[in-house]
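Top line first, the protein sequences correspond to chains A and B.
With my numbering, letter number 20 in the first sequence gets 20, and the count goes up by one each step, no holes.
With my numbering, letter number 81 in the second sequence gets 81, and the count goes up by one each step, no holes.
There's no promise every hint is true.
As the list claims (entries may be wrong) - Sample of chain B residues facing chain A (criterion: CB under 7 Å; computed from the structure):
| hint | residue |
| --- | --- |
| 1 | 70 |
| 2 | 91 |
| 3 | 137 |
| 4 | 144 |
Bear in mind the hints are in silico, worked out from the structure with no lab data behind them.
Model, not experiment: these values are computed from the prediction.
Backbone N, C-alpha and C fix where the C-beta goes; we use that ideal spot for every residue, glycine too.
Protein chains: 2
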Amino acid sequence: MFKKILYPTDFSDVSKKAIDYIKQLRERGSETVIVLHVINQRGMQAIERYASGNSIEIEQRIMDDAKQQIKVIEDELKKSGFKVKSMIKTGIPMREILKAEEKEENVSVIVIGSHGKSNLEDIFLGSVSEKVSRKCKSPVLIVKR
Amino acid sequence: MFKKILYPTDFSDVSKKAIDYIKQLRERGSETVIVLHVINQRGMQAIERYASGNSIEIEQRIMDDAKQQIKVIEDELKKSGFKVKSMIKTGIPMREILKAEEKEENVSVIVIGSHGKSNLEDIFLGSVSEKVSRKCKSPVLIVKR
Chain A
1 MFKKILYPTD FSDVSKKAID YIKQLRERGS ETVIVLHVIN QRGMQAIERY
51 ASGNSIEIEQ RIMDDAKQQI KVIEDELKKS GFKVKSMIKT GIPMREILKA
101 EEKEENVSVI VIGSHGKSNL EDIFLGSVSE KVSRKCKSPV LIVKR
Chain B
1 MFKKILYPTD FSDVSKKAID YIKQLRERGS ETVIVLHVIN QRGMQAIERY
51 ASGNSIEIEQ RIMDDAKQQI KVIEDELKKS GFKVKSMIKT GIPMREILKA
101 EEKEENVSVI VIGSHGKSNL EDIFLGSVSE KVSRKCKSPV LIVKR
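This is chain A alone, in the form it adopts within the complex:
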């Protein structure tokens, strides 16, 4: 029933806590994890506007950092016996998560941390997990801090 897990992560602590639950699901029959990290397009625009330095270089650095972090997660999940597919997208996190749910067929559950890195944005605009759980089709397991 929880065969294929979609796991969106912003590499925050609560996001990492979700990995513990995913591993438990492995023992209970889950097989595949789609790890998805979305580089927030709005954050990127802000950086480009205010940061000194070449914007392409900055984008490259952010992408390299994301690749490194997603690799660590991928290795950890593979060690637990999962088939893992990881993806890095740039865009609006909620939208990219819903797109991935639609594109990857037969997602059985989305496992997601309750709050992301940017607490302030969560408070005023609602958290990504809330928005995702409102719009997605699959059941959602929201892991708390």
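Given chain A, work out where chain B should sit, using these hints.
Leaving out everything else, chain B in the frame of chain A:
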């Protein structure tokens, strides 16, 4: 990890769909289900204001109906091998669910339907599942329509 499940239900269709997931968790090691139905205090007040007839009688009828419905769920879950404890409370659903989470120690997961019976209220005020997932401590599995 999902040993003790708190299952709040308003007896809606999506709430009943959640039972399928709970049963799957049984096969994966879950042991106990707390079934909680909250008679919405605000709905009750409206009925008392506008319904003709004795309000105590109406309350009694609502309570009897809830008892019958919760009994059906209890039997179904017991048949699947769960230890079941069911509770009917009168109050504000979100608050009673959070109270139950606190009182019942060691809840490992809350399994809840994404939307309740009253769609309109959900749209304007947010669904109970959303409010619960925002405030509770345990992970929440939100089951969709």
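Comparing the hints with the structure gives:
1. For residue 70(B), the shortest C-beta to C-beta distance to chain A is roughly 23 Å, which exceeds 7 Å, and the interface hint is violated.
2. Look at residue 91(B): its Cβ only gets to about 23 Å from chain A, farther than 7 Å, so that hint breaks.
3. At a threshold of 7 Å, the smallest CB-CB gap from residue 137(B) to chain A is about 6 Å, leaving the interface hint in force.
4. With a least beta-carbon distance of about 6 Å to chain A, the hint placing residue 144(B) at the interface is held under the 7 Å criterion.
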